[in-house]
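In the order they appear, the protein sequences are chains A and B.
Position one of the first sequence corresponds to residue 1 (our numbering), numbered consecutively onward.
Position one of the second sequence corresponds to residue 522 (our numbering), numbered consecutively onward.
It cannot be assumed that every hint is accurate.
Ranges between beta-carbon positions, derived for each pair [stated by the list, open to error]:
no., chain 1, residue 1, chain 2, residue 2, range
1, B, D658, A, M128, 42 to 50 Å
2, A, A18, B, G634, 54 to 62 Å
3, B, Q538, A, S164, 24 to 32 Å
4, A, E86, B, P593, 44 to 52 Å
5, A, P284, B, T563, 34 to 42 Å
6, A, R353, B, R576, 51 to 59 Å
Just so you know, the hints here were simulated from the structure itself, not pulled from any lab data.
Computed from a predicted structure; not experimentally measured.
No residue lacks a Cβ here, since even glycine has one placed at the ideal position from N, Cα and C.
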Amino acid sequence: MSIYIPQDTTALALGAEAVARVLQAAGVEPVRNGSRGLFWLEPLLEVDTEDGRIGFGPVTNKDIPGILDALETDASSHHLYLGQVEKIEYLASQQRLTYARAGLGDPVCLDNYQALNGFVGLSNALQMDGQQIVDQVKDSGLRGRGGAAFPAGIKWQTVLDCDSEQKYIVCNADEGDSGTFADRLVMEADPYQLIEGMTVAGLAVGANQGYIYLRSEYPVAHKLLNIAIERAVEANFLGDNIQGSGKTFHLEVRLGAGAYICGEETSLLDSLEGKRGMVRAKPPLPAIEGLFGKPTVVNNVLTLAAISTILEQGAEAYQNFGMGRSRGTLAIQLAGNIKRGGLIELAFGVTLREVVEDYGQGTHSGRPIRAIQVGGPLGAFLPESQWDTPMDYEAFAAIKAMIGHGGIVVFDDSADMAAQARFAMEFCVVESCGKCTPCRIGSVRGVEVIDRIVANENRDDNLILLHELCDTMELGSLCAMGGMTPFPVRSALTHFQEDFFVQDAAGPLLEEATGVSPGGK
Amino acid sequence: METSAQNTADISHLVTQYKAVPGGLLPLLHAIQAELGYVPDTTVPAIATGLNLSRAEVHGVISFYHDFKTHPVGQHTVQICRSEACQSMGSRQLEAHAKALLGIDYHETTEDGAITLEPVYCLGNCACSPSVRINNDIYARVDAERFDDLMADIKAPVGEPK
Ligand SMILES: Cc1cc2nc3c(=O)[nH]c(=O)nc-3n(C[C@H](O)[C@H](O)[C@H](O)COP(=O)(O)O)c2cc1C
Ligand code: SF4
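Use the sequences and the hints to build the structure in full.
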């Protein structure tokens, strides 16, 4: 009888280590699996039984004696009994490709990975030439999952077509958006999948060196990735002459140092080169002049992880999921003030409302949902009238919102949207790389102007000023940091205008002020 | 944690280890900070010489990244997540509480040298906010009471691993 207790960040943050220690003291050595991403149930204890793999959760160390007793008699009698984990609706209704293995076993156990179809994609790729692999990726319709949604196959083609002795594969594991943890879950629950995807990328474009640029806020992922890489090298899935193919691919993890902007790919490359993470002007594209000036594929963790699935199951199987030009599955991350937060992998096209209401079951506080921010700190705040938008890149762009990396942050009706707009500007002050004046200085001014609006100092003039400032940032910034910080600000102004006016004595001023059309200028 | 010792700290073994590594400055700075707790100004000339950079370049890199400290920090670094997901669950109140409890603002260290308080922008634990990181451990659903317990735990047995 195997007992499982996860070792991912969230489970650990909720006390999984103490649970493991109590199990050990009781003579049970638990398997330290990855999380399934059902974070509202963590720590989720699982047990292999005659009735399948059953779960208990969320457990604390104090529940363990009772659970061990119940397992001797009638497991279902325990108040934390969840039945078969794979039948839990939240999980059973998902379309898991990237996260099919997540939580099943020890994430760094190679045998386990191979028993679950691991490295099948790599061995298929080893039978193909570079162009054939790139064609598979093109046919799959896979678009980059880091936010910009650029077709992965086209990027790879550019790198393949470059004539260069040295090329690189860089994995963007900077995952800086609030409300996102999908990259982390891949790295902590199924790291070999990322290693496999990067190796396939190397074979495809002719690169023999890869780097994973990992944010320093992820110590658990760092540890697990390094163990996985070491074991993959030992088993010759990485290194020279991979599986006797004559092909070489080396992989190394590099830590960031706490800078949101280093998630932007050119800033990331400068950082990898050991410099300040300044955004580079494009062109040249990183695909042509990237790391150390060499042709470089920069892809998000999820993009590279999806490569393993595509090479294993075929381009067509992958592109059968999704809608419109958004093919495959989306890793939705449900976060913030939500009752059932976690990782939800579904084909593109599910509506935001279905996600927050059906999966999320409303807010954690029990109060009504007021606003939802999708796509990280540069994403708009969406009011209820927009929650029926399907999760598809184009549908979101049409309402001036973005899917980004798929993070959803829910706010209840106690949220102060003027404070959130101010925070968006403040975040830009803290994290701007400093290259463009509209971003570096505009964000500082933005904070001040919002403060004046809220304090009702020359409000009409300051509202106009704020919109002009947003225009300048949108038009005059080199990257989306400065260019999209106005999105959350403007959406807060448009949809939650009343929050900017709460300090008023009420009466004429309020009326006068709300008469200003925030969108119109 | 002795400043005098670090002022003359010998980092030559680390410089030797990283000087041939492509893009080795960040890994080197991380290694120095792991060993000394911060990156003393006195180490900059050796870094610059070893990696064939100007001192200004090295300073520029150190100052760009939030992680790198140029002054000694407390025995424990406590980071409170300020990002949106944690805000939606009350991290603004938590940070106010933490500052009041510890009697310090962000980027400051308690008088006894035990705790340095830092903001952090996302720990990737956003489904179970608010999140706090203490050294290399992350804690979920931290309210004021839980924060008090965590602080009591790290303050009690001085010198012992948490
Ligand atoms: C301010 C900013 C932050 C970004 N942060 C990330 C990030 O944390 N992770 C990521 O994969 N992409 C991030 N991106 C997008 C990258 O620039 C780039 O588009 C991506 O790494 C390309 O990989 P993909 O095509 O697989 O998505 C960011 C972009 C900007 C402008
Ligand atoms: S918009 Fe901001 S972050 Fe982007 S390049 Fe300009 S200054 Fe740097």
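Here's how the hints hold up against the structure:
Checked against the given bound of 42 to 50 Å, the beta carbons of D658(B) and M128(A), roughly 44 Å apart, stay inside it. Separated by about 28 Å at the C-beta atoms, A18(A) and G634(B) break the suggested range of 54 to 62 Å. Our hint of 24 to 32 Å for Q538(B) and S164(A) holds, since their Cβ atoms are close to 29 Å apart. Our hint of 44 to 52 Å for E86(A) and P593(B) holds, since their Cβ atoms are close to 51 Å apart.
Distance hint check: the CB atoms of P284(A) and T563(B) are about 39 Å apart, consistent with the given range 34 to 42 Å. Separation of R353(A) from R576(B) is about 56 Å and conforms to the stated range, judged on CB atoms against 51 to 59 Å.
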